[in-house]
Amino acid sequence: MKKTKILTQGAMLIIATMLPFAGCDTSELHNLNVNPNALLKVNVNFLFTAAELSTACNGAGGDNWYTNWRTNIGTCAYAIQQLAAGAGGISQGDKYFENQEASQGVWDWYYEDQVKNLNEVLKQTGPGGFEEGRRKNTREAARILKVVNVHRLTDWFGNIPYSEANKGIEGTFFPKYDKQQDIYTDMLKELHEACTSISASNEDDGFASSDMIYQGDIAKWKKWGYTLMLRLAMRMSNVNAAGAATYVTEAAAGGVFASNADNAIIPMSTPQLWNDQNGITRSFVDGSQPTTLSKTLVDKLMGPNAGSTADDDPRLMIISGGLNGDMNPLNQKGLPNGLDAGTVDVYTGHSGTDISKEFSGFNSKFLDRDEPYMMMNYAEAEFLLAEAKERNIGTVVGTADVHYANGVKAAMQMYTINDPSFVVSDANVAVYLATFPYAGTTDQKQEMIGTQLWISKFLNWWEAWNDWRRSGHPTLTPINYPGNLTGGLIPRKLKLPTSEAALNTANREAGMTNPDTQVGKVWWDGGN
Amino acid sequence: MKQRYLILKLMLILGLASTAALAQQRIVSGTIKDSRGGSLPGVNVIVKGTSAGTVTDANGKYSLTLPENAGTLVFSFIGYASKEVEIGVQTSIDATMEEDVKQLSEVVVTALGIERSTKALQYSVSNVAGDNLTQARENNVGAQLAGRVAGVNVTKPASGPAGSTRIVIRGNKSLGGQNQPLYVIDGVPMDNSTYGQAGIWGGQDQGDGLTSISPDDIESITVLKGANASALYGARGGNGVINIVTKKGNSRKGLGIDFNSNIVFENFIDQRKLQHQYGAGNYVDTTNDGIANGVATKPGNLTQAFNWASDSWGPKLDGTPVLQFDGVARPYSYAGDNWKRFYQTGQTATNSIAVTGGTDKQAFRLSLANLDNKGIIPNTGFNRTNVTLSVNGKYTEKLTVNAKVMYSHEAAKNRPVLSDSPGNAPQAMWLIPNNMNVLDFKGDPNKPGAIPEGVDPALLSLYGQGGPSKFAGQELLPAANNWGQNPYWSTYQLSTSDVRDRINASTQLRYDFTSWLYASGRVAMDWFVRKANALSAEGTGYDLVGSRNQSDITHSEINMEAILGVNKTFGKFNVNAFVGANRMRNKYEYLQGTGSGFNVEFFPSLNNTKSRNFNYDFNETGINSVFGSAEVSYNNFLYLTATTRTDWFSVLNPKYNHITYPSVGTSFVFSDAFSGLPSWLSFGKVRASWAQSGLVNISPYQANLTYSLYGFSHLGYSLGSFSQAMGTGGSIPNPTLQPALSTEIEAGLDLRFLGDRLGLDFTYYRQKTTKDIVQQSISHSSGFESTYVNVGELQNRGVEIMLTGTPVKGPLTWNVSFNIAKNVNKVIAILPGQNEIVSDGFSAEPRTRNALIKQIVGYPFGEITGHVQVKDPNGRPVFTTNGSPVVTADYVPIGNGLSKATGGLNNSFSWHGLNLSFLIDFRIGGTIFSGSNDRLTGWGVSEQSLQGREGQAPLHVEGVTRTGTGTTGDPYVYSELNRDLTPHEARNYWSSVGGETTAVTNMWLFDASYGKLRQLTFGYSLPRTMLSKTPFRNVTLSLVGRNLATLWKHIPNVDPESAYTNQAAGQGLEYFAMPTSRSYGFNLALGF
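Heads up: the sequence lines are chains A and B, in that order. Residue numbers 1 to 528, in the numbering used here, belong to the letters of the first sequence in order. Residue numbers 1 to 1088, in the numbering used here, belong to the letters of the second sequence in order.
By construction, these hints were calculated from the structure, which means they are not laboratory data. Honestly, I wouldn't trust all of these hints.
Sample of chain B residues with no beta-carbon within 12 Å of chain A, all distances over it, derived [as the list claims (entries may be wrong)]:
1) S39
2) K83
3) T320
4) Y334
5) R341
6) H409
7) M429
8) N437
9) A472
10) T554
11) N636
12) S650
13) D756
14) F818
15) F909
16) E996
Taking lysine-lysine and the DSSO-like style, the derived pairs with C-alpha atoms no more than 30 Å apart in a straight line are [to be verified]:
17) B/K655 to A/K176
18) B/K83 to B/K572
19) A/K176 to B/K771
20) B/K413 to B/K531
21) B/K655 to A/K167
22) B/K655 to A/K123
23) B/K398 to A/K41
None of these values were measured; they are calculated from a predicted model. Every residue gets a Cβ at the ideal spot worked out from N, C-alpha and C, and that includes glycine.
I would like the entire structure built from these sequences, with the hints used as guidance.
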């Protein structure tokens, strides 16, 4: 019976010890809800660095090919006729179809990754933030980097949420749409303030060691800010001449990019497939996206006389990786856009056309996994200055032809970061400039500038598309593939993502750029 | 760890104690028979006023050691009137039990494992006996509740042998929650989480907790439907409770051995309506003028063969030789049924053995079961082994001990990939054009789905699609589409496996201080480790470098519970009351290693990967609770019950973290209260109750904002992120979240007539949820994709009717039961100013991206929305100039995945040793959006896509076209369109309506009603006379079948039960899940 007594006592003991656990002891309970793997505060420089990486190809967020593949390549590279797709891959831009992910992807990644993190940097370094008054240069650089991202968004979609965007954390779950015109006004103001406030005399506060673009070089950040200001000013030059003039003047006076050493480049790396590597590379190498070059681009690079190398652009055999291994510049051949597996045979005149063997593909030396990702280059600054000069917008020092020549030279010589063999000598540049002298009517000169800008944005196809939509140069002939969704017109806008139609219905309808189709026009393109 | 160790030690002590011998006392024994003279096993024999007792053995014999003060023996058995016999000086007491027409002693297991008389229940409960689950079986025992219990809605995703189920009781109660009930085994909560479901971007059904359970261990399943029934479980029981009672040992002579062997075969159910007249090819239009007047062309060369191998838009099959992707020319004619070539006959063998034994002091049951399954997709399967030991004993007059350990080992191999294409073999099987034979996709016989050695380099270059040439060992893609996979590659080279080892252990002590006062304590642990492994093989079309992923999940939940109770009679009054407390701690730990790219070619080890990443996740939650219950009854016909429970939640902030739920109810057995009722009314009871319960459906750490650091740096730069979300998909935390509240009233009537030959059970309920925690999808431009808010309101109202009858009784007995339940759900409110929300976008949107499941105010839960064709101001449909419909950008409500009513009809006939039973279940109403039909027509595969082709009646469109764009008013000019489309236009029409952004969603919406012959068993038990000279106690052989026939349905090509997910937000969507299957086989039960 002794055993029984022990058991009896045991049972009583269990009951006695358990009752206090329940209910009353809620601090122990609450401690369970402290996440051991998360931080309550963070060094905002970490957020800034993540935003830099994401601005290249959303690598920080872990899907580094998504936006480049769907939008930069799938829509833009084909629509502006630098690549062409017979079949395969993501290539809705080739035949003017739609790919919902081309809209949704950039929308989600930009708003939810880099812009979210940049906004948090601005909030915490601003009034009431836990880093208020500190990390001043991080703050100003974050303002510039935010414009880099937001101007892309608005240029793709037109009117978008801006003033109320990224305020979910403050309870604004369904932001209203702002007019693109107003967004431009604010972005230019932001650039003005950031370029004025960023300063080498500010405390570094860890900025240099978190900035993988310029390693904290304030002068270069200023130049990038002013070059962006120049881009934005010129982009609205057709619809807001006065505003364009003001900011072209300010940008030129403030100092834009002055050499390829100023180019805004995010270095890439190889350890993590989804994070560190170049997303464009991954789309082609891991995603088997066809690399076939468009006939429009190859013809431009080969010059008016296809039977001669004398008028070739020195970049022909840098951009082209050859035709089925044939590196003879005379034999390069681009594929017209808008063909399919059936009509390509009609084009080549024989059955069984193997596109990958019968047309030039672009150079695989651009496709290393750690290929640096260029976001903005010096050549663009010079071309825009040349155009401003030509169109008499604002106050620009120098002459259009010199700016043009500087731009061509810079564009031709900027690819050595991609491969050391991509060298174009000063002499070759001079020959090219002499062969195609900067001359003619204003429109002819603008066609030259536009064409050069277009070539210089190889790989940066979404910007090439923006430039073309704004200037109409170079002149491109649209295709008209049966069943295409634009009525045979080159797309001029991305449709808003379906998530906005589904979730932010009222604000979208009240404020979107109308009509929300691929041929609707954004404000600076003459739309609303 | 310390805590767990303590529990183990405690269990060990209890195990040892059970062997303790006790002093010799007076023994009484006897035999119990039924009125026809047959021996009755399983009769409870109890010494009145004590808890000393035993159960009769298989021969109806019992033997019981009497406590000192024993005066009367009480014999009781379900379905029989209990009987009391004075012991006096007898040492042998035999008794004959009479069948009880009023079933006075019927008891059910209610909340917290407490047995209560059904008469006392103020709410509806339903009971499913374990022997319904062991003949015709399902791997997931939840699937077997379909059609059996009124108001219990069972959905089984078409996801293969190790898949999950979704059970919803009396409708969805939370906008953002999963709305699945709490599963309780022998009074202890069991984890039923899923570790992955398919969604818009594909995925696998990673199963749920229920797959761990062996049906052979189940004595019965009780469904506690309403808040009233489950009030004592607090927030965890807010969606109802499914209470599983396992089999226990009982006192008997010698050992009892039960052996059961079950083997069933499984085949896909063919519901296809495809065209077999046109082959691979496409329209070629050489004019490039934007007008679709091309000609259907079959591949004329290798490039076309490769590019068009996933387009069934070629010309009419004509038998001429046509090149295919592998360079071989084959006749352009129907190549036969590829499904029969690819899918195999699945097979499931289940063997179980259980040994029971015991003395009057203690009893045990030890069981071992093994299930071995091969799926209908080759190279898939599921294996499960269960070992269960339960021991119960009574070691003094006052102390009762129950202890149980259930161990299960589950291994699933290659769970099928569903929904989006990569890895989805069933989708690839739908896609194959008529003139192609899937056996030609096999490639390398030693590596199915791979490019064999010796393929022409020109072909390899073509397969490279402009990139580097492919080479032997890489995926043999039959078409120029990296995402449309080779089904053999999906099946054999993309491999996944997962293994779960689970221990569910509990021990309970009960101490009776006096005959009316007791205390009990229980400690229980549900613990498992799940290891998962996934290989995306090197050379896969969309992932050439390949990747490997290994993960470990460790999960544990520990519950400690104590109860102090009284059960005392005062004259005609009886009080049965208790108070108690529970402490729950749940811990989850996750470690994952991922690697991509392999250093040594085709050696898929994680250690061989070029770049590696790891991921660690940890979370812990707890709930502290106190509860109490009191039942007062008068003269066994009037019962009044009240309960209360307060829960404190760790996942909410302290200010808002607790809530108290009360319930009251009454039950009145008027047939006992009044005399003089007509004799045809054999039983009558009315009941009514009101209860509240909570709902807390958020994960830990959602209530507070934090930052996170990336698990890697870039070139040495550290990276961080605002909020826990890195990249897209974040949710905004809300520090003021509090528990949601569910309030329910229920009233019911239980009538039985003509000596219980006919019965009716009717229930009406009305439930409302307020302050529901909603994960609201928000504009992504807010920086996040969702937020949690306490704003939802929704309600459910419904009726449940259960009719039972025994139309024929005697040597031939026919029992029939019919149940039907109707639930009406309505969303009343969501976020202020918002009319609708999307919760869980991954589940709520199909891959076709033209539908979205939303919660809309004024509509029922889970409204399907989509694009409809635009109409002009006169209501005429608008088309493009090429005759394809123009659709709205908006998502318009078009249907709802919830059925209006569900039910079942169960018949069983027995005649001598023969038994035939079948179950028909049905659902009425509800719609299903069929992404498969959308695609099948878009691809030119379905019969529907024949319309408008060459050689068929032309496709005629009538409506208007429109031109002009603008911003205000109606900027369009309309002109009439009334013509036949060219075949090329018709092709574009079908691709357009069966596409993505251009699709007309409501064209693919179908009535989801169906009726199915769900189960049939036909068995024969050898008569006892034949067995008396054998060691067998019983021998039963049965023919069994599940899902044998679809009696009616309204959706073409696929089964109405083709969901690919069990998630709440994804009900009513269908997109390339597995074909549904029927199974049939044998069951042999032997008892010794």
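query: Non-interface claim for B/M429: all C-beta distances to chain A beyond 12 Å?
result: holds (22 Å)
query: Regarding the assertion that B/K83 does not contact chain A, is the least Cβ-Cβ distance greater than 12 Å?
result: Nearest chain A Cβ is 31 Å from B/K83, so the label holds.
Interface-negative label, B/T320 against chain A, beta-carbon threshold 12 Å: Its Cβ never comes within 12 Å of chain A, the nearest being 16 Å, so this holds.
- prompt: Beyond 12 Å from chain A, beta-carbon-wise, is B/D756?
  reply: Answer for B/D756: holds, closest chain A Cβ roughly 41 Å.
- request: With a cut-off of 30 Å on the C-alpha distance, tell me whether B/K655 and A/K176 pass.
  value: violated (34 Å)
Distance rule for B/F909, whose beta carbon must clear each one in chain A by more than 12 Å: About 49 Å separates B/F909 from the closest Cβ of chain A, which puts it past 12 Å; holds.
- prompt: Beyond 12 Å from every Cβ of chain A: is that where the Cβ of B/T554 lies?
  reply: holds (15 Å)
task: Over 12 Å to the closest beta carbon of chain A is the bar; see if B/N437 clears it.
output: The claim stands: B/N437 keeps its Cβ more than 12 Å from every Cβ of chain A (closest is about 22 Å).
query: Does the claim that B/Y334 lies off the interface hold, with its Cβ farther than 12 Å from every Cβ of chain A?
result: holds (23 Å)
message: If I take the minimum Cβ distance from B/H409 to any residue of chain A, is it greater than 12 Å?
response: holds (30 Å)
query: B/K413 and B/K531: Cα distance at most 30 Å?
result: holds (12 Å)
query: Does B/R341 sit more than 12 Å from chain A, CB to CB?
result: It holds; B/R341 is separated from chain A by about 27 Å at its closest Cβ, greater than 12 Å.
The structure does not agree with the numbered hints 12, 16, 17, 23 stated previously, though it agrees with the rest.
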